[in-house]
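Visitor: Protein chains in written order, with this note's numbering: chain A, 1 to 114; chain B, 115 to 230.
Check before you lean on any hint, since a few could be wrong.
With a straight-line Cα cutoff of 25 Å, these simulated PhoX-like cross-link-like pairs (lysine-lysine) come out [stated by the list, open to error]: (1) B:K172 / B:K183; (2) B:K225 / A:K40; (3) B:K163 / A:K41.
The set of hints was computed from the structure by calculation and includes no laboratory data.
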Amino acid sequence: ETGVTQTPRHLVMGMTNKKSLKCEQHLGHNAMYWYKQSAKKPLELMFVYSLEERVENNSVPSRFSPECPNSSHLFLHLHTLQPEDSALYLCASSQVAGGSAGYTFGSGTRLTVV
Amino acid sequence: AQSVTQLGSHVSVSEGALVLLRCNYSSSVPPYLFWYVQYPNQGLQLLLKYTTGATLVKGINGFEAEFKKSETSFHLTKPSAHMSDAAEYFCAVRVYNSGGYQKVTFGTGTKLQVIP
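Can you build the whole structure from these sequences, using the hints too?
Guide: As structure tokens, this is what we get:
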């Protein structure tokens with residue numbers, strides 16, 4: 001148990017579907033993150049939330065929409081995705097924003113867009 | 115620019131042999147450095163970190179890394195590889211973006227294969 005739980009573990013969706021990824025952390029951390037991990041590419045930071053406020057949005061297409069209703073929960077809403085969006089989506093949390101004390105990652109959601 | 119470079123996308127070692135995974139960084143400020151491990155179908159797990167103080171840092175599973183400022187390196191080592199060490203390893207460095215906000219940027223990863 002890592003303390004960061006992501007659901008679902010696997011998701012297959014069509015390009016016209018709408019789905020959501022969920023992340024929950026039980027560590028009392030104040031910052032949460034979404035990362036995209038694609039084959040043969042570095043981890044891409046997508047969004048950062050600190051104390052439920054979005055503090056960073058790394059030029060992510062609008063078909064990805066994050067939501068952080070409280071400091072324990074983070075969602076990534078998906079709509080009209082493209083096949084190149086297929087990847088492992090990782091959620092992470094840290095005590096403070098910036099991750100200088102290290103991140104705790106969830107196990108990820110393996111997304112396949114067909 | 116602040117970044118991290120991992121030398122070698124794949125490394126193979128025999129079981130019981132020394133593990134050495136290389137990482138070099140560039141940073142305009144005193145760096146915070148990290149090593150993470152990712153097992154198949156899992157997220158990343160923090161192995162160890164260097165912030166300040168002692169330059170030889172010990173982590174979980176018998177791994178350690180040494181911060182060498184003169185060489186801008188933070189190589190990961192383990193004296194004797196075990197089959198369970200087979201995974202992908204990521205070096206990371208704390209950086210500052212243009213707004214002065216700190217975040218962690220990751221290297222491209224090194225896959226470690228352990229041969230029986």
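Visitor: Find the hints from earlier in the document that the structure breaks and name them by number, from lowest to highest.
Guide: Of the numbered hints, all hold.
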